[in-house]
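Read off the chains here:
2 protein chains.
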Amino acid sequence: MNQIRGAQSISFEVSPYIISSGSVAGSKEAEGPLGKLFDMTNQDDLFGAKTWEEAESNMQKEACVLALGKAHVKPQEVRFLFGGDLLRQGVATSMGVESLQIPLFGLYGACSTSGEALALSAMSVAAGYGERMLAVTSSHFGSAEKEFRFPLGYASQRPLSAHWTVTGSGAFLVGAEKSHVRISGVTVGKIVDYGLKDSQNMGACMAPAAMDTIVQNLEDFGRSVEDYDRIITGDLGYVGQDILFDLMQGKGYDIRIKHMDCGMVIFDQKSQDTHAGGSGCGCAAVTLSSYILPKIRKGEWKRVLFVPTGALLSTVSFNEGASIPGIAHGIVLEHVN
Amino acid sequence: MNQIRGAQSISFEVSPYIISSGSVAGSKEAEGPLGKLFDMTNQDDLFGAKTWEEAESNMQKEACVLALGKAHVKPQEVRFLFGGDLLRQGVATSMGVESLQIPLFGLYGACSTSGEALALSAMSVAAGYGERMLAVTSSHFGSAEKEFRFPLGYASQRPLSAHWTVTGSGAFLVGAEKSHVRISGVTVGKIVDYGLKDSQNMGACMAPAAMDTIVQNLEDFGRSVEDYDRIITGDLGYVGQDILFDLMQGKGYDIRIKHMDCGMVIFDQKSQDTHAGGSGCGCAAVTLSSYILPKIRKGEWKRVLFVPTGALLSTVSFNEGASIPGIAHGIVLEHVN
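One line per chain: the protein sequences are A and B, in this order.
Under my numbering, the first residue of the first sequence is numbered 1, with each subsequent residue one higher.
Under my numbering, the first residue of the second sequence is numbered 1, with each subsequent residue one higher.
Be aware that a few hints might be false.
Below, in silico cross-link-like pairs of lysine-lysine (DSBU-like), each with a Cα-Cα straight-line distance of 35 Å or less [what the hints assert, rightly or not]: (1) A/Lys146 with B/Lys146; (2) A/Lys197 with B/Lys50; (3) A/Lys50 with B/Lys197; (4) A/Lys197 with B/Lys74.
Calculated directly from the structure, the hints in this document are not laboratory data.
Since we're looking at a predicted model, the values are computed, not measured.
Take these sequences, add in the hints, and give me the full structure.
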């Protein structure tokens, strides 16, 4: 039987596995440190489409097709699809996965959505609701700037605490069939609100949520920081990482040598002028698919806590003066021989 | 063990129950046919807030508190919350449920979200991931018009095929504890796209999805229309109902005497000038809580197929000329002695 652990976690007795994954990224990501690791990149960030939104949908579909193709699985052999993105009413997902015709659970967890999708996929497989689930998320620099900030044509200046939204999509086939990476547990995040209101400093808004979920995970599973080879956040960036370290220290945990942030590894901060680092649903997803999973698969990392982080704002709530709370979901990934 | 049924359904061996529910609605809904049945209504559609968005959040919180209070359950005794709304980045939910501090799965399924939330809550309880889950959704006429159409101050004319977004929120406590209503199964919907592009005729956009999910449910469970006392869609309205009847007829099913649509019962079409009927995440949710569940609880209806319907559009996708696909999730509700 699956087990409830502590206040917010589940451990899976019979673990679901990440059978395969696919990553698609844009031109700037292709020039970054992980550029060679993505399954597919495109010099044209429109991915053959006429709009940024359609481009994002195309990436999402490609990522799904890649994950399915690598495992020789047809869409109709996938029971449910869990997917989401950053756009209003999740259109990148609805338009992206439509042609796959897999029964869909649409999600919204801001940039934590890849964690949410993996958690629900793993929970559904472990409960016997199907042999295979597909988890997919995406973000696109063009569509995200248009949605949250300013249209690209305005050429607005960005503060140094601002993130660069990753153009990318990652899809994960989660199932009962054995692979070298299992999902051994999940920690479902709560909304954490420190009252911050600066939409150009998402790292600060999300760091408290990351801290909350990491601490909860350690407590729920009775583990210490040393029990993980890496604790990997989604897109806190340079500013958020500093805050996370301080907050964790305040709780008596030192995670400095174990911590990695997807937003900090996906771009070269200096040469790529990406300020606080990469962000977006796609950031954690493509880094997991292209960089983290291969290391776990090979056994280089035995146990990783993957914690995608999200900032829960909209342009409307922000303009009305509401604060920007954060949320983060923790996924425990383990190497299997 | 829970059982996979057919292509898209699950039947629960040990059924989760709807332990309690709460409904909050606005002034127009209070004047409608169901007005006296809601747990709470307010003559002030701002619900004490300064913005429509905050008003919607307040309703959502109240609906949750009502559902919890009726069952004498504290927020910390609820394992996970599944919630969503129609606004960009689901802010009504993030802001609404924040103070409850229940680990959150944010959802987006347009007006089908109440079905999605109930399905995932039931799946989580049946899998043993917790004793109790909370499913909540909301919509608000003011915030929805601002989000999708025109600010209210413009006083735009509405075509007769347009819906009137329901101001309301419904919350459902789903758990292992026995009640008189059990969730015996779910049918997870696929995206169904007939290529329609008229955002003022949502009924037509959603009817094909409703048909698809109802037919799939009957096939997956090996049932006929007669096996249900009612087949209840979320917000097809008068236009959508006609189309649904035709589409069902085309598949060899006559559901006319069994069908009810929440969007058609919540307002009095003539005296309230609501055109095609009510719509929104809140429409199906408050109708379920205030009108449908009591009938099942009393045994007046023994088995009901509840099918909230959603139209997957955003103002961006719509303005870019994309079609409006639909999605619908089916929840099988049964009377228990």
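Here is how each hint holds up against the structure:
Pair hint A/Lys146 plus B/Lys146 holds up; C-alpha atoms about 18 Å apart against a cutoff of 35 Å. Using a Cα cut-off of 35 Å, the hinted pair A/Lys197 and B/Lys50 holds, with the two alpha carbons roughly 18 Å apart. The straight-line distance between the Cα atoms of A/Lys50 and B/Lys197 is roughly 18 Å, inside the 35 Å bound, and the hint therefore holds. Annotation: proposed proximity of A/Lys197 to B/Lys74 holds, straight-line Cα distance about 30 Å (limit 35 Å).
Against the hints set out earlier in the document, no violation occurs for any number.
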